[in-house]
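A.B. asks: Sequence:
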Amino acid sequence: MAQEVRGVIAHKEGAPVEVLDIVVPDPGPGEAVVAVQACGVCHTDLQYREGGIDDGFPFLLGHEAAGVVEAVGDGVEEVAVGDFVVLNWRAVCGRCRACRRGRHEYCFDTHNATQPMTLIDGTPLSPALGIGAFADKTLVAAGQCTKVDPECSPEVAGLLGCGIMAGIGSAVNTAPVQRGDTVAVIGCGGVGSAAVAGADLAAARRVIAIDIDPKKLSWAEKFGATDLVNVRHVDPVEAVRELTDGFGADVVIDAVGRPETFKQAFYARDLAGTAVLVGVPTPEMKLELPLLDVFARGGAVKSSWYGDCLPSRDFPTLVDLHQRGRIDLDAFITERIALDEVEHAFDRMHRGEVLRSVVVLG
1 MAQEVRGVIA HKEGAPVEVL DIVVPDPGPG EAVVAVQACG VCHTDLQYRE
51 GGIDDGFPFL LGHEAAGVVE AVGDGVEEVA VGDFVVLNWR AVCGRCRACR
101 RGRHEYCFDT HNATQPMTLI DGTPLSPALG IGAFADKTLV AAGQCTKVDP
151 ECSPEVAGLL GCGIMAGIGS AVNTAPVQRG DTVAVIGCGG VGSAAVAGAD
201 LAAARRVIAI DIDPKKLSWA EKFGATDLVN VRHVDPVEAV RELTDGFGAD
251 VVIDAVGRPE TFKQAFYARD LAGTAVLVGV PTPEMKLELP LLDVFARGGA
301 VKSSWYGDCL PSRDFPTLVD LHQRGRIDLD AFITERIALD EVEHAFDRMH
351 RGEVLRSVVV LG
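Just so we're aligned, residue 1 is where the sequence shown starts under full-length UniProt numbering, counting upward by one.
Be a bit skeptical, because a hint or two may be false.
[As the list claims (entries may be wrong)] Using C-beta positions, here's what the derived DEER-type ranges look like: (1) Asp26 to Val234: 56 to 62 Å; (2) Asp340 to Ala296: 34 to 40 Å; (3) Asp235 to Asp340: 18 to 24 Å; (4) Ala338 to Gln178: 40 to 46 Å; (5) Ala296 to Gly325: 41 to 47 Å; (6) Pro116 to Glu50: 36 to 42 Å.
Note that these hints are calculated values from the structure, not bench results. A virtual CB, placed ideally from N, CA and C, is assigned to each residue, including glycine.
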């Protein structure tokens, strides 16, 4: 039968979130109910609260989550009751033209649960990225559940659900960084620091971290940055060229997602180098580049959506690398908080004081 649990709700644009009772229905065909154990506070959740994604209020926030499958609906084969899973927002269909070509990471028909979760009065909720995991339990499509090693802590595993995967994947999957490459990363918050970690994991020879905030540069250094560039004091393109014998980097990753930072990425790369956009722009942003420069510089300009990840492939691999000491996912966690502290976490995030706050649920 349906269950009443707590959830973090954004009622209207810009208003503080509230913890309210919500209704989670029994899973229908192809669906699963997951008891959430931990959920990271991602900037995307704040964008939902601010109306920057769409106007489908009220939202049930939270999406970087891990937990245990509590119930499954008819026809579910991906997971079973008791499985420890990381939630993802791209349940692949297996049938679209991308999937038929074996490129499931580009699935054009990803899906979520079909039943709505609601407020107690029956008002349907819009779950953030089809997940809604700032809650004791949530309803998702079974394909949004990826089994990983249960020995991994939920706080760590859940981080792979969005920003950290996006950053690591931008380097490892999208670019992809090759052994011995020089790499520059513009913007060193959660996604950018993860891109630094991904470049280091791929054995880049030099990883240049670029930001305006000394604290964020120090975070990037912990994840493998070899050089730190504070753009309050220098031009980032010239700084990258100076650090790469005048040529530019083989790969430049823009983890900010603004026209000016993407132009910096475009011009800071070597001839035939690769520029990757993983920071998310807003709808009104426009980019202008001389078409001759696009032609003359060669190479590649790529966008990276969710780090071009395939959760069934990448989540277990990254958990394994973490447990073997190859990548320190624990280092992304700045603080562990309770469900009713999400609004406080948004404030700290906005001020740039945290890499990741993680909600830990009972």
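A.B. asks: If a hint holds in the structure, say so; if it does not, say that too.
C.D. replies: Hints, one by one, checked against the model:
1. Taking 56 to 62 Å as the suggested C-beta distance range, the pair aspartate 26 and valine 234 conforms, at roughly 58 Å.
2. For aspartate 340 and alanine 296, the Cβ-Cβ distance of about 55 Å falls outside the hinted range of 34 to 40 Å, so the restraint is violated.
3. Roughly 44 Å separates the CB atoms of aspartate 235 and aspartate 340, a value that falls outside the hinted 18 to 24 Å.
4. Checked against the hint of 40 to 46 Å, the pair alanine 338 and glutamine 178 passes, with Cβ atoms roughly 43 Å apart.
5. One distance hint, 41 to 47 Å for the beta-carbon pair alanine 296 and glycine 325, holds here, with the actual separation near 44 Å.
6. For the pair proline 116 and glutamate 50, the beta carbons lie near 23 Å from each other, so the given range of 36 to 42 Å is not met.
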